[in-house]
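Participant: Those sequence lines, one after another, are chains W and Y.
In terms of the working numbering, the first sequence opens at residue 5 and continues consecutively.
In terms of the working numbering, the second sequence opens at residue 905 and continues consecutively.
Worth flagging that the hints you see were computed from the coordinates, not collected in a lab.
Predicted model only: the values in this text are computed from it and were never measured.
Beta carbons are placed, not taken as given, at the ideal position from N, Cα and C, and that holds for glycine.
Fair warning: there could be bad hints in the mix.
To be verified - Looking from chain Y toward chain W, a few residues come up when the C-beta cut is under 10 angstroms (computed):
no.: 1; residue: His929
no.: 2; residue: Asn933
no.: 3; residue: Asp953
no.: 4; residue: Ile975
no.: 5; residue: Leu984
no.: 6; residue: Ala1008
no.: 7; residue: Leu1018
no.: 8; residue: Gly1030
no.: 9; residue: Leu1034
To be verified - Label-pair restraints from in silico Cβ distances:
no.: 10; chain 1: Y; residue 1: Lys948; chain 2: W; residue 2: Leu101; range: 47 to 55 angstroms
no.: 11; chain 1: Y; residue 1: Gln1038; chain 2: W; residue 2: Ser366; range: 44 to 52 angstroms
no.: 12; chain 1: W; residue 1: Ser366; chain 2: Y; residue 2: Pro957; range: 26 to 34 angstroms
no.: 13; chain 1: W; residue 1: Thr415; chain 2: Y; residue 2: Gln1038; range: 15 to 23 angstroms
no.: 14; chain 1: W; residue 1: Ala143; chain 2: Y; residue 2: Lys1022; range: 27 to 35 angstroms
no.: 15; chain 1: Y; residue 1: Glu1031; chain 2: W; residue 2: Gly194; range: 17 to 25 angstroms
no.: 16; chain 1: W; residue 1: Ala417; chain 2: Y; residue 2: Leu1018; range: 46 to 54 angstroms
no.: 17; chain 1: W; residue 1: Gly194; chain 2: Y; residue 2: Val1021; range: 52 to 60 angstroms
no.: 18; chain 1: W; residue 1: Val77; chain 2: Y; residue 2: Leu1018; range: 17 to 25 angstroms
no.: 19; chain 1: W; residue 1: Asp333; chain 2: Y; residue 2: Pro918; range: 20 to 28 angstroms
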Amino acid sequence: MELTKEQQAILDGEKGETMAKVLETLIRYGEIFGAEKLVPVSSKYNHLVTSFGLKALGPVYDLMDQLIRAGAVSGQKFSVDPRPLDPRVPANLLQNLVFKKFMYSKQDFYENQLRQLGLMNEDAFSCACYLEEQGNRPAQGEILSWAESSAVVYANSVLGARCNRNSGIMDLMGSVAGYVPYFGLLTDEGRKATWVIRVNTTQKPEAQLLGSAIGMKVMEDVPYVIGLDRWLGNELDEAACAYLKDFGAATASNGAVGLYHIDGLTPEAKEQGTALITPDAREYIIDDAELQRVKDNYPLVWKDPDAKPKLCFVGCPHLSLQQLKDWTDRLEEGLRAAGRKKVCVPTVFTTAPGVKKAFEASDYGARLAAAGVILSCICPLMYMNNPLCAKMPVITCSNKLRTYTTARYYTEAEILTRITKGAD
Amino acid sequence: MAILRIYHGRVIAPGEVTAEALVSHGGLNTLASFQKALQFGDKKATCGDQNNPDLYGREMAGKALCLPQTIGSTTGGLVLYCACAMHRQPACLLFSNPIDSLAAAGSVLASVWLDNVKMPVIDCLGEEFLQYVQTGMEIAVKPDGKVEVRPGSVIID
């Protein structure tokens, strides 16, 4: 790799041994992918994936300590994924004991490390850092050192920023050094689509089901999706952005998609159109039957398939303000139709701290609370990641949560029915 | 009679090891596969990914993990790094495809920041490698990226 004089000096130890190792890490990472240079990170803020003080991640905290002691802290402030705990989310005595005393006993310690390394503020905990209320929204063309699969795919696809699917720790390394290796989704060539997806459904496809199908098919390749603008329109308005947020999270968790193009809608597809598609691109046609096939093939890992749900999570990735308002309207309507005042399954909606404040400041906040729904900024995935919760029959409309936990997936309409009426 | 087959790949992390193959035909979801093992002290790193029928419930530590690529959460590299630091990593990672960014990060982080951790990583072994190798076969990895698959040693379980 060709380094600038400044980069070479860092590698030679001018800024200390730890900084040299940070740069060596980035160089070796880049060389695997044929990167010929390091380029400056140009976004105002970074975003880190690791938000949880999980006792088992001791080696990560040791590495963080090493960076802090050496003064190798982030050159940018950063946001980070959601916290794993919230006392408002239902948990029994044993679960609370396991969460606080065993699993996340390092949470306070780790958050203190994050502050020393450059945390934006105490509300900077959300996977959807790019929402207006959270304030970490990169511009088109900016180079990022982010991690968090759902945030990376959104930043690349909807905002037109440039970021590889960096891993946790590597995200911080790029920010500490101020450089990332130039390869993959940072390059024009790497942003070309090697799959054409034709959406031929008879109704607007469920975002997280469509994303799941595409992710499982294309894995880490770049898909160019044709036919979705029929349902989403040609402007990136709030509804389209919310749809693409959920769609992208499913492509990234059910597969490894870091960038997608939506014909006639996302920035690069609007600018370049089908010129983004490589000549040898493969094709995947999605119709109603294909979506049903994908959904029917999800494994059900509940011990009792007919168990009554004990908890419902909506909001992985975190809900936008408009999504929260829409859900509240639909809930009220569903409850009225069912002759109920409150949801009949304990239900948690998750959103970003800034969105939560804005939502609760409107009349919607009290209306959602009156429907019996708990509003939290927790990461449901981190909440579910333990044997106690794994045994609970939890339902969700998040395909990401389904992928990583024992939560059972239903479409949004099915979830609405289950929490307002209690069954299909 | 089945014979020894030899494949050549690109060396991502050098090393020499002989181990029993554990084959995933789908992508390895690193977080989903390792999270329980790391959190709850399972030294054998039993795979917890319910979506991976090839690996679910199988022990991954010390095995020659043969796979197309890793997928899923961008904690993947960090999780692999932790598995290495806690000595619960596979004996080696053998990718049929070019390595993905998360697995590459895990491999590089372990190599640069940890002492005395060996996990040879070879990629670009080709689709035929993954079609041929079966769980239970003996695998020998050489420092130059040569991978020997010894089918006579299939372990039936």
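Participant: Hint by hint, say whether it matches the structure.
Facilitator: Hints, one by one, checked against the model:
no.: 1; hint: His929; result: violated, 12 angstroms
no.: 2; hint: Asn933; result: holds, 7 angstroms
no.: 3; hint: Asp953; result: holds, 9 angstroms
no.: 4; hint: Ile975; result: holds, 4 angstroms
no.: 5; hint: Leu984; result: holds, 8 angstroms
no.: 6; hint: Ala1008; result: holds, 5 angstroms
no.: 7; hint: Leu1018; result: holds, 8 angstroms
no.: 8; hint: Gly1030; result: violated, 16 angstroms
no.: 9; hint: Leu1034; result: violated, 14 angstroms
no.: 10; hint: Y:Lys948 <-> W:Leu101: 47 to 55 angstroms; result: violated, 26 angstroms
no.: 11; hint: Y:Gln1038 <-> W:Ser366: 44 to 52 angstroms; result: violated, 59 angstroms
no.: 12; hint: W:Ser366 <-> Y:Pro957: 26 to 34 angstroms; result: violated, 46 angstroms
no.: 13; hint: W:Thr415 <-> Y:Gln1038: 15 to 23 angstroms; result: violated, 38 angstroms
no.: 14; hint: W:Ala143 <-> Y:Lys1022: 27 to 35 angstroms; result: violated, 43 angstroms
no.: 15; hint: Y:Glu1031 <-> W:Gly194: 17 to 25 angstroms; result: holds, 22 angstroms
no.: 16; hint: W:Ala417 <-> Y:Leu1018: 46 to 54 angstroms; result: holds, 48 angstroms
no.: 17; hint: W:Gly194 <-> Y:Val1021: 52 to 60 angstroms; result: violated, 30 angstroms
no.: 18; hint: W:Val77 <-> Y:Leu1018: 17 to 25 angstroms; result: holds, 21 angstroms
no.: 19; hint: W:Asp333 <-> Y:Pro918: 20 to 28 angstroms; result: violated, 59 angstroms
The structure does not agree with the numbered hints 1, 8, 9, 10, 11, 12, 13, 14, 17 and 19 stated previously, though it agrees with the rest.
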